[in-house]
Structures are given as C-alpha cells and as structure tokens.
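A.B. asks: Using the sequences and the accompanying hints, generate a full structural model.
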Amino acid sequence: MMSWPEPGNRLFPPPHPASKYVPEPNDWDSLSQELTNLTNLLYWPPTGGNRDDFLASTSPKTSTYRLKGPAQASYTLGSNLEAILVARDHQGRPKTHGGDLFRAKLLGRELKAGVPGEVKDLENGTYLLSFPLLWAGWAQVQVRLIHSSEAVGVLQRIWRGKRATVDFRGYFRGRKGTQETVICNVDPQSTGAKGPTCQYRDVVSGEDWFCAQPSTLPCDALVGHSSGSYLKVTTLHDEDLLAGSVTDQPLASGISPILVTPAATGNMNDVALPSRPPCRPGHLSPKPSGFYHRDRWHSTFCSSRSFPTVDSILNCLAGRIVYMMGDSTLRQWWEYLNTLPTLKPVDLHVTYQAGPLMAVDTTRGTVLHWRAHGWPLRSLRTPVASLHSVARELHGLAGGPSTVVVLGMGAHFTTFHPSIIARRLAGIRAAVKALLDREPSTLVVIKLANTGYKSVYGSDWLTLQVNRFLRAAFVGLQVAFVDAWEMTSSLDLPDNIHPKKLIVCNEVELFLSFVCPT
0 MMSWPEPGNR LFPPPHPASK YVPEPNDWDS LSQELTNLTN LLYWPPTGGN RDDFLASTSP
60 KTSTYRLKGP AQASYTLGSN LEAILVARDH QGRPKTHGGD LFRAKLLGRE LKAGVPGEVK
120 DLENGTYLLS FPLLWAGWAQ VQVRLIHSSE AVGVLQRIWR GKRATVDFRG YFRGRKGTQE
180 TVICNVDPQS TGAKGPTCQY RDVVSGEDWF CAQPSTLPCD ALVGHSSGSY LKVTTLHDED
240 LLAGSVTDQP LASGISPILV TPAATGNMND VALPSRPPCR PGHLSPKPSG FYHRDRWHST
300 FCSSRSFPTV DSILNCLAGR IVYMMGDSTL RQWWEYLNTL PTLKPVDLHV TYQAGPLMAV
360 DTTRGTVLHW RAHGWPLRSL RTPVASLHSV ARELHGLAGG PSTVVVLGMG AHFTTFHPSI
420 IARRLAGIRA AVKALLDREP STLVVIKLAN TGYKSVYGSD WLTLQVNRFL RAAFVGLQVA
480 FVDAWEMTSS LDLPDNIHPK KLIVCNEVEL FLSFVCPT
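At position 125 of the sequence shown the residue is numbered 124 (numbering that gives the first Met the number 0), and the sequence of numbers has no breaks.
Treat the hints as calculated values from the structure; they're not laboratory data. Check each hint, because a few of them may be wrong.
Computed cross-link-like contacts, DSBU-like style, restricted to lysine-lysine with a CA-CA straight-line distance of at most 30 Å [said to hold, decoys possible]:
1) K499 with K432
2) K119 with K175
3) K161 with K111
4) K67 with K119
5) K453 with K499
6) K286 with K67
7) K343 with K499
8) K119 with K499
9) K231 with K161
10) K343 with K60
11) K161 with K193
12) K453 with K111
13) K119 with K193
14) K432 with K231
15) K453 with K60
16) K343 with K119
17) K343 with K500
18) K175 with K231
19) K286 with K175
20) K119 with K231
21) K193 with K175
22) K500 with K111
23) K111 with K432
24) K161 with K453
25) K432 with K60
26) K286 with K432
27) K500 with K286
28) K111 with K286
29) K499 with K286
C.D. replies: Okay, here's the thing in structure tokens:
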C-alpha cells in the first residue's frame with residue numbers, strides 16, 4: 000500500500016543524484032490490492048503461429064464473417080444479432096489461434112445511429128460477434144481488423160519488454176545564465192545517461208522522474224520540460240506487421256443490411272431503451288454502455304440527459320468548480336465548454352498544451368479548470384513548475400457538493416511499461432478515496448481513453464490495456480465513468496485521437512448528466 004507524508008512535510012524534497020538508483024525487483028509488488036491481480040487484468044489470448052512469416056499473419060482481405068443463423072426478413076427491436084468471423088492468413092488459410100484485434104459495430108447510416116459490437120475470441124481462429132438491436136430501421140454490420148494477432152504479439156513484446164519507447168528533454172538553467180539540455184524519462188536507464196542521473200520525487204504521490212545529470216549544473220536547476228524523441232524499437236518484420244495496409248482495414252461485407260422492427264404492432268418506439276435510473280456515481284456500466292441514434296448518445300445504464308441550449312448547460316454548471324486533470328482529449332471538454340458565451344477564459348500566461356487553463360462565469364459562480372496530468376507528458380517546452388501530479392492536486396482539494404473532478408489519462412502512458420500506469424493509478428486511487436472519504440458529496444468522473452493512434456507508440460490495443468487499468472483502479476469507489484472508447488468507436492467516422500465536435504458534445508452531455516442527474 001502507498002503511504003502518505005505527514006502534514007507539513009515538503010511536497011518536493013531537494014532533487015539529488017541518483018546514479019545508484021535501482022528499480023524495485025517487481026514493479027507490481029507495492030501496488031494496492033486492487034491492482035495486484037495483473038495476470039488476469041492483462042490477459043490476452045495467445046497470439047501463437049509463425050511469427051517470422053508475414054504471409055501467415057491475419058489478413059483483412061481474406062478474413063470473412065457471416066450470420067450465425069439463417070437470414071431473416073426482419074429482426075425484432077431489442078433482440079441480438081450474432082455472426083461468426085473466421086480469421087485467415089494472406090494465403091487464405093484459416094487461422095488456428097486467436098489474439099487478433101477486430102472491432103465490430105452496427106451502423107444505421109440514415110438514422111445517424113451506431114453501436115459497438117461485442118467480439119468474443121474463441122481462441123481457435125474464429126470469433127463470435129454480437130450486436131444488440133437498439134433502434135428500428137435499417138442497420139449494417141461493419142468489421143475492421145485493427146491488428147493481426149502477430150502485430151499484437153509485437154506490441155505485447157515491446158510494451159512489456161521496454162521501459163520506454165519515447166524520451167523527453169529537460170532544460171536546466173544556472174543563475175548566471177548557463178543552460179544545458181539533457182534527456183529525461185520515467186527511470187534512470189531510459190535517460191541514456193552514462194554517468195549520474197537526477198531523481199525528482201513527489202513525496203505525496205510517490206511519482207519519480209529522472210534526468211541525466213548536467214555536466215555543469217546541479218539537479219535543482221531544472222526549469223523546463225518538453226517532448227523528446229520516439230525511440231527505434233521495431234524490426235523490419237515488426238514494421239511489416241504494423242503497416243497501414245494491414246492495420247485498421249475493413250473486412251469485405253459478409254452480411255446484407257438488416258431491417259429491425261418493433262416487437263408489437265402499433266408500438267411507435269424507435270429505440271429499445273428500458274426505464275433507467277438517473278446517472279449517478281457507482282453505476283456498473285454494461286456492454287455496450289450506450290449507442291448513438293440521430294447523432295445523440297443514449298446510455299444503456301442510466302437516463303442520460305440532453306442539454307440542447309446554452310442556458311441548459313450553464314444552469315447545470317452554476318455554482319460548481321470543475322477540476323479537469325488529464326490529457327488533450329480531456330482538454331477538448333474544457334474547450335467545448337469554453338465556447339459558451341458567459342464563460343470567460345482567464346489568461347494565466349502558461350503553455351497551452353500543459354496548462355493550467357481556467358474559465359469563469361462570475362454571474363453563475365462557475366469555474367472550470369484544466370491542467371495536464373504531469374510527467375510523462377509529450378508537449379512543447381513548458382515550465383517544470385506547471386507540471387503537477389494528479390494525486391497532489393487531489394490532496395489539495397477540500398471537495399464537497401460544489402466540487403466536480405474529472406480525470407482522463409491514456410495516450411501519454413502507452414509508450415511505457417505497464418508498471419508506470421499501474422503505479423500512477425495506485426497513487427491516484429488513494430487520493431480519490433481520501434477525497435471521497437472526507438467529502439462523499441464530491442463528484443468524481445473518470446473519462447476512459449478513446450480510439451485513435453495505430454502505431455507501436457500509441458496503438459488501440461495499448462489503449463485497451465490502459466482502459467483495463469483505469470476501470471480496475473477505481474473498483475469499489477463511488478465514481479462515474481464516461482466510456483470514450485465506445486463513444487469514439489460507434490459511428491461511421493474515421494478514428495481520431497482528437498474526436499470530432501459531435502463526439503465531444505456527446506461526451507460532455509453524458510458528463511453533465513452526472514453533474515445534473517435530474
């Protein structure tokens with residue numbers, strides 16, 4: 000279990016050389032109990048097969064899917080559609096093992112509708128696809144191969160075998176104007192330092208950061224931070240398996256469009272939505288957690304609300320202080336809300352990519368904050384003083400019914416060994432629990448990571464694993480989830496790490512449904 004400093008202790012002890020720093024033998028050992036069962040948490044079906052033969056890898060051109068049962072003239076609203084997918088290699092041979100990452104969805108283009116399908120890996124080269132029929136009208140199955148099992152094997156090997164696949168720059172400045180730039184990272188080995196390293200520890204969160212020690216300046220002269228380089232971590236064969244021609248590619252349509260009709264004659268309902276409770280923290284979200292219909296996201300586990308006017312949004316936020324901490328996909332929420340006419344941004348003269356950003360509505364008593372989640376952060380050069388750990392920020396909040404916290408992390412953690420996100424979330428969970436213990440009326444919302452990147456540095460497969468950690472980290476706490484993964488993978492739109500305004504609007508409306516459930 001992580002321990003916390005006594006009140007009055009310094010948040011940052013002086014940085015010091017760390018040339019003798021030795022990582023813990025097992026990074027999982029000191030994590031909280033909720034995150035220790037990583038064998039189950041990180042399970043993925045074996046990706047087997049001939050890893051050296053590209054032609055033996057799964058091909059989007061030869062893999063096929065079909066209805067599990069006979070086709071029907073129409074299907075009943077509220078029932079399920081099932082299909083069987085057979086993975087094949089580039090020579091058309093059926094695969095005998097699983098491990099591919101397929102993504103399936105059911106689309107109603109004329110109705111601007113969509114829902115994610117469930118893909119069950121039977122671990123023998125076949126997959127069971129299941130789609131809930133949630134709207135009346137025409138619907139079409141779409142399936143894409145995101146990564147072959149062989150490509151997933153590459154991602155697994157690198158993710159678990161490398162400490163980092165990117166590095167960062169640390170900018171040091173002396174009192175007399177001397178400047179040096181060095182490599183920094185999540186551990187000393189990843190700084191490339193041949194000599195001593197500087198260790199920076201936040202004693203509240205337990206988070207460490209390391210920089211190669213400058214040749215002429217002390218460790219405490221670190222003043223700036225920025226992105227560095229993407230490291231070479233793949234072989235030529237790896238790159239073939241991750242190439243665009245075989246990544247995120249559609250399978251040929253194997254099912255004709257289907258017609259979904261209401262169960263009873265005279266039933267005018269065009270969507271299958273049973274009575275649901277108001278949106279409150281602690282709800283367990285089923286799969287799928289929702290679906291789109293006429294460009295609006297409908298939650299399947301709570302009665303998500305629509306906020307169609309500027310006043311409806313502003314009135315919901317009245318009297319509330321919202322603290323958003325995370326990456327640029329969460330910053331999109333702040334940007335969306337910041338377009339409201341009475342919310343005025345406050346220029347804090349900071350680097351926009353890292354924040355902090357602030358907007359206020361003095362008439363309604365609304366304050367919106369956003370700031371980046373701190374190291375590791377890929378950004379333009381920004382002052383180190385602007386990079387605060389999420390756990391430390393949470394420990395500084397009084398909380399209460401007017402306080403709303405939104406956390407969103409993902410894209411900046413896929414370039415590191417899984418122990419980094421696990422350890423970070425263990426500290427954040429402890430801070431969230433402490434906040435809710437002292438003020439249970441505080442609303443905490445977790446935004447899951449969305450689809451987007453398709454490379455070895457930020458693949459959707461890696462994002463899925465990060466989302467597993469995010470869900471596991473907050474088990475048993477009264478927090479709310481916004482499943483941005485499903486919300487960005489349910490429409491007939493190309494993936495984008497920064498989703499279009501339509502999706503951001505729906506994410507924000509679901510968030511507001513937790514802020515103002517009735």
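A.B. asks: Indicate, hint by hint, whether the structure satisfies it.
C.D. replies: Hints, verified against the model:
Our distance criterion of 30 Å between C-alpha atoms is broken by K499 and K432, whose separation comes to about 33 Å. A C-alpha spacing of about 63 Å is found between K119 and K175, which places the hinted pair above 30 Å, so the restraint is violated. For the hint pairing K161 with K111, the CA-to-CA distance comes to about 42 Å; that exceeds 30 Å, so the pair is violated. Restraint check for K67 and K119: satisfied, since their Cα atoms lie roughly 13 Å apart, inside the 30 Å limit.
Using a Cα cut-off of 30 Å, the hinted pair K453 and K499 holds, with the two alpha carbons roughly 18 Å apart. A distance of roughly 20 Å separates the Cα atoms of K286 and K67; the hinted pair therefore holds under the 30 Å criterion. Restraint check: the Cα-Cα separation between K343 and K499 comes to about 23 Å, which is no more than 30 Å; the hinted pair holds. With a C-alpha separation of about 29 Å, the suggested pair K119 and K499 falls inside the 30 Å cut-off, and the hint holds.
A threshold of 30 Å between alpha carbons decides the hint, and for K231 with K161 the separation of about 11 Å falls inside it, so the pair holds. Under the criterion of a C-alpha separation no larger than 30 Å, the hint pairing K343 with K60 is inconsistent with the structure, at around 51 Å. Taking the CA atoms of K161 and K193, the gap is about 19 Å. The hint holds against a cut of 30 Å. Restraint check: the Cα-Cα separation between K453 and K111 comes to about 26 Å, which is no more than 30 Å; the hinted pair holds.
For the suggested pair K119 and K193, the alpha carbons sit about 47 Å apart, so the restraint of at most 30 Å is broken. At roughly 39 Å between alpha-carbon atoms, K432 and K231 are farther apart than 30 Å, so this suggested pair is violated. Using a Cα cut-off of 30 Å, the hinted pair K453 and K60 holds, with the two alpha carbons roughly 19 Å apart. Between K343 and K119 the alpha-carbon distance is near 47 Å, which puts this suggested pair outside the 30 Å criterion.
Between the alpha carbons of K343 and K500 the distance comes to roughly 20 Å, so the proposed pair stays at or under 30 Å and holds. A threshold of 30 Å between alpha carbons decides the hint, and for K175 with K231 the separation of about 37 Å lies outside it, so the pair is violated. Our distance criterion of 30 Å between C-alpha atoms is broken by K286 and K175, whose separation comes to about 59 Å. Taking the CA atoms of K119 and K231, the gap is near 33 Å; set against the 30 Å cutoff, the hint is violated.
For the given pair, K193 sits about 26 Å from K175 by alpha-carbon distance, which is consistent with the 30 Å threshold. Only pairs whose Cα atoms come within 30 Å are accepted, and K500 paired with K111 is accepted, the gap being roughly 15 Å. Distance check on the hinted pair: K111 and K432 sit about 39 Å apart at the alpha-carbon level, beyond 30 Å; violated. Simply put, K161 and K453 have alpha-carbon atoms about 18 Å apart, close enough for the 30 Å limit, and the pair holds.
Taking the CA atoms of K432 and K60, the gap is about 48 Å. The hint is violated against a cut of 30 Å. As the CA atoms of K286 and K432 are separated by approximately 26 Å, the hinted pair is consistent with the 30 Å bound. This hinted pair checks out: K500 and K286 have alpha carbons roughly 24 Å apart, not beyond 30 Å. Annotation: proposed proximity of K111 to K286 holds, straight-line Cα distance about 20 Å (limit 30 Å).
Taking the CA atoms of K499 and K286, the gap is about 23 Å. The hint holds against a cut of 30 Å.
Of the numbered hints stated above, those contradicted by the structure are hints 1, 2, 3, 10, 13, 14, 16, 18, 19, 20, 23, 25, listed in ascending order.
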